[in-house]
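*Asks:* Dock chain L against chain P, hints included.
Number of protein chains: 2
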Amino acid sequence: MSFPDTVLLDYGSGGKASQRLISELFLKHFDNATLNRLDDAAMLDLSGPLAVSTDSFTVDPLFFPGGDIGSLAIHGTVNDVAMLGARPMYLSCAMIVEEGLPFSTLEAVVRSMAEASRHAGAQIVTGDTKVVPKGAVDKLFINTTGLGLVQTASPPQGDRARPGDAILLTGTMGDHGLTILSQRQGLEFETPVQSDSAALNHMLLDLVESVGEVHVLRDPTRGGLATTLNEIALQSNLGFVIEEKAVPVSDAVRSGCSFLGLDPLYLANEGKAICIVPEERLDAALACLRSHDEGRQACRVGTVTEDHPGKVVLQTPIGGKRLLDMLEGEQLPRIC
Amino acid sequence: MSFPDTVLLDYGSGGKASQRLISELFLKHFDNATLNRLDDAAMLDLSGPLAVSTDSFTVDPLFFPGGDIGSLAIHGTVNDVAMLGARPMYLSCAMIVEEGLPFSTLEAVVRSMAEASRHAGAQIVTGDTKVVPKGAVDKLFINTTGLGLVQTASPPQGDRARPGDAILLTGTMGDHGLTILSQRQGLEFETPVQSDSAALNHMLLDLVESVGEVHVLRDPTRGGLATTLNEIALQSNLGFVIEEKAVPVSDAVRSGCSFLGLDPLYLANEGKAICIVPEERLDAALACLRSHDEGRQACRVGTVTEDHPGKVVLQTPIGGKRLLDMLEGEQLPRIC
Numbered sequence: 000m001s002f003p004d005t006v007l008l009d010y011g012s013g014g015k016a017s018q019r020l021i022s023e024l025f026l027k028h029f030d031n032a033t034l035n036r037l038d039d040a041a042m043l044d045l046s047g048p049l050a051v052s053t054d055s056f057t058v059d060p061l062f063f064p065g066g067d068i069g070s071l072a073i074h075g076t077v078n079d080v081a082m083l084g085a086r087p088m089y090l091s092c093a094m095i096v097e098e099g100l101p102f103s104t105l106e107a108v109v110r111s112m113a114e115a116s117r118h119a120g121a122q123i124v125t126g127d128t129k130v131v132p133k134g135a136v137d138k139l140f141i142n143t144t145g146l147g148l149v150q151t152a153s154p155p156q157g158d159r160a161r162p163g164d165a166i167l168l169t170g171t172m173g174d175h176g177l178t179i180l181s182q183r184q185g186l187e188f189e190t191p192v193q194s195d196s197a198a199l200n201h202m203l204l205d206l207v208e209s210v211g212e213v214h215v216l217r218d219p220t221r222g223g224l225a226t227t228l229n230e231i232a233l234q235s236n237l238g239f240v241i242e243e244k245a246v247p248v249s250d251a252v253r254s255g256c257s258f259l260g261l262d263p264l265y266l267a268n269e270g271k272a273i274c275i276v277p278e279e280r281l282d283a284a285l286a287c288l289r290s291h292d293e294g295r296q297a298c299r300v301g302t303v304t305e306d307h308p309g310k311v312v313l314q315t316p317i318g319g320k321r322l323l324d325m326l327e328g329e330q331l332p333r334i335c
Numbered sequence: 000m001s002f003p004d005t006v007l008l009d010y011g012s013g014g015k016a017s018q019r020l021i022s023e024l025f026l027k028h029f030d031n032a033t034l035n036r037l038d039d040a041a042m043l044d045l046s047g048p049l050a051v052s053t054d055s056f057t058v059d060p061l062f063f064p065g066g067d068i069g070s071l072a073i074h075g076t077v078n079d080v081a082m083l084g085a086r087p088m089y090l091s092c093a094m095i096v097e098e099g100l101p102f103s104t105l106e107a108v109v110r111s112m113a114e115a116s117r118h119a120g121a122q123i124v125t126g127d128t129k130v131v132p133k134g135a136v137d138k139l140f141i142n143t144t145g146l147g148l149v150q151t152a153s154p155p156q157g158d159r160a161r162p163g164d165a166i167l168l169t170g171t172m173g174d175h176g177l178t179i180l181s182q183r184q185g186l187e188f189e190t191p192v193q194s195d196s197a198a199l200n201h202m203l204l205d206l207v208e209s210v211g212e213v214h215v216l217r218d219p220t221r222g223g224l225a226t227t228l229n230e231i232a233l234q235s236n237l238g239f240v241i242e243e244k245a246v247p248v249s250d251a252v253r254s255g256c257s258f259l260g261l262d263p264l265y266l267a268n269e270g271k272a273i274c275i276v277p278e279e280r281l282d283a284a285l286a287c288l289r290s291h292d293e294g295r296q297a298c299r300v301g302t303v304t305e306d307h308p309g310k311v312v313l314q315t316p317i318g319g320k321r322l323l324d325m326l327e328g329e330q331l332p333r334i335c
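Which chain is which? The protein sequence lines are P and L, in order. Letter 56 of the first sequence, counting from 1, is numbered 55 in numbering that gives the first Met the number 0, and no numbers are missing. Letter 288 of the second sequence, counting from 1, is numbered 287 in numbering that gives the first Met the number 0, and no numbers are missing.
Hints listed in this document are in silico derivations from the structure and should not be mistaken for laboratory results. Each hint should be verified, as a subset may be incorrect.
As the list makes no split between identical chains, a pair holds if one copy fits it or if it spans any two.
In silico EDC-like cross-links for lysine to aspartate or glutamate, where the CA-CA straight-line distance does not exceed 20 Å [claimed, not checked]:
#1 Lys138 with Glu106
#2 Lys15 with Asp4
#3 Lys310 with Asp158
#4 Lys244 with Asp324
#5 Lys133 with Asp324
#6 Lys138 with Glu97
#7 Lys133 with Glu98
#8 Lys15 with Asp324
#9 Lys310 with Asp262
#10 Lys15 with Asp158
#11 Lys320 with Glu243
#12 Lys310 with Glu106
#13 Lys138 with Asp59
#14 Lys133 with Asp59
Chain P extracted, bound-state conformation (with noise of 0.2 Å):
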């Protein structure tokens, strides 16, 4: 490669210095034949309906247990076009990148999502890539949006949940939160935690068309179970009861959140979702989700009531009941 140590301007200039950039770094890495046709736009031959989902990412540090800020941007989007039962098979990728950065840290990150999207089944067809001044940007962020074609007649929706619906976990809360968090914070724990990050696509789907109706399927992320169950109680307009001591948590971030004064119920996810789906469709769906790596700890928190519309009630395990509110304000900047 005929890159120098770090990424110059002149990489972001539209020019030759862009072109070699492209060739050699992003059509190396992502290769394939719609990516590499190199147009202003990317042409699909991809008949909806379809789940379209951007995101960008920003987290610091670039690189954490567990992840690193080009894995996440795969498996952050892919993840949101999977919510609503849909394949994701097209991502484009957006790169705002530091003048300076270290060549080899963009490569790795390059590397890195190549290989999180051959995993996801999803192709990179389009992108751009951007070099600012140094200190326009922190290093790196990413924007991906992702494109998928959705496999069911009644896909799951934030407003589809009913009365008597169980609400499933598809594991542990709060690893990914807790490790950006220590990370940022130089904090050791004795039991190491790590990030959750992964793509869950491949379960997703294999639940919707196992167990047919799943009203509800969303992840965690920004603000954690907390947060997004409050969002999802608002959309259906119904109350949700969640056991606090069924709420998975490892040994590891119940630890270090002890340790810190955090509850781990409002801390980010990025490899988890919430599965809602009618009584008699839960242990189809549990077996579903714990026959793939990634739901091994599936399980049942709660469930969808009638009572206190909107809002999201915690039984605690001494026997009381307390209001589960949606996060206010900002826990931890640059998570994702």
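*Replies:* Below, chain L alone, put in the same frame as chain P:
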């Protein structure tokens, strides 16, 4: 509106403050049934073939004569989609906002995006907002990704130029580039310059439909006309001959460029297209382009040839020839 004077980190949290920002700013201005659902992804009933394109906008300053980062983010992406002979229909909008940005600035940009997208006939159906701490980004960056329906069985593409084809421009060169440069340097010219930022999709769709055979459409943005022509010549593996005096340049841009020692053929444009059509469709193409406001000054500037494949040759007014090379490095960062 119940917002403070500046954007706080809380507005990117995913919590209550984010919800207010979304409902009271974005939904208010971008209002449409798909976006209003607020699911993780937007569902679109769209059947291909599709054109999809992504672009991040980092322009500095945010507001400039002839436009702002918001309208530019719409125009840039709908134009890229239109270059494949597609009708841009849906857009995503992902904002990265610096903590402390005046709220009135954000609202002005959002209002401008709403107006530009209405004019272009494309809906903003999904989005994302990140607020990052002061210093992690310079004011405001926007990513838009566009989705369009390809309107022709033989869409224009960069490798479809043919020997003998006529090369057309839809208008003057260099307006956007010189405008941003003069704003950044605090220069004032006798005749003020203004960005040409505009949505070309209605005109180009008319061209594709009425002229039938349009071989290549591309907008000469970063790197300007010279760089973009070189890209197409390489993709088509043919030579281009351009008559220098036929290339339209406004008096204001010409005098500004000669004052600064710049070549308008390397300056960015944000509301112009290169159109390559068979010689026999030239008159029809010019008549169509000139019937639109954005194409009043459309003219032929050159011819595709089998000589010197992959190269662009400029015929100078005094009868000479010179190779018009790609821009090598960065002329002006953050032009778009």
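*Asks:* Decide, hint by hint, whether the structure agrees.
*Replies:* Verification of the supplied hints:
1. Taking the closest pair of Cα atoms, Lys138 and Glu106 come within 20 Å of each other only inside a single copy of the chain (13 Å); across copies the shortest separation is 27 Å, beyond that limit.
2. Taking the shortest alpha-carbon separations for Lys15 and Asp4, only the intra-copy value of 18 Å comes in at or below 20 Å, while the best inter-copy value is 43 Å.
3. In the homo-oligomer, the alpha carbons of Lys310 and Asp158 lie at most 20 Å apart inside one protomer (14 Å), although the nearest pairing across protomers, at 57 Å, exceeds that limit.
4. For a Cα distance limit of 20 Å, the shortest separation of Lys244 from Asp324 inside one copy, 17 Å, qualifies, whereas the shortest one across copies, 67 Å, does not.
5. For the identical chains of this complex, Lys133 and Asp324 are neighbours neither inside a copy (40 Å) nor across copies (28 Å), given an alpha-carbon limit of 20 Å.
6. With identical chains, the CA atoms of Lys138 and Glu97 are at most 20 Å apart both within one copy (5 Å) and between copies (15 Å).
7. Both within a single protomer and between protomers do Lys133 and Glu98 lie at most 20 Å apart by alpha-carbon distance, with minima of 5 Å and 18 Å respectively.
8. With identical chains, the CA atoms of Lys15 and Asp324 are at most 20 Å apart between copies only, with a shortest distance of 9 Å across copies and 53 Å within one.
9. Only within a single protomer do Lys310 and Asp262 lie at most 20 Å apart by alpha-carbon distance; the minimum there is 18 Å, versus 62 Å between protomers.
10. In this assembly of identical chains, the alpha carbons of Lys15 and Asp158 lie at most 20 Å apart only when taken from different copies (18 Å versus 50 Å within one copy).
11. In this homomeric assembly, Lys320 and Glu243 come within 20 Å of each other (Cα to Cα) only inside a single copy, at 10 Å, whereas the closest approach across copies is 78 Å.
12. In this homomeric assembly, Lys310 and Glu106 never come within 20 Å of each other (Cα to Cα): the closest approach is 45 Å inside a single copy and 31 Å across copies.
13. Proximity of Lys138 and Asp59 under a CA criterion of 20 Å is satisfied in both settings, with 9 Å inside one chain copy and 18 Å between copies.
14. Proximity of Lys133 to Asp59 under the C-alpha cut-off of 20 Å is found in both arrangements, the shortest distances being 17 Å within a copy and 14 Å between copies.
Violation of the numbered hints given earlier is confined to hints 5 and 12; the remaining hints are satisfied by the structure.
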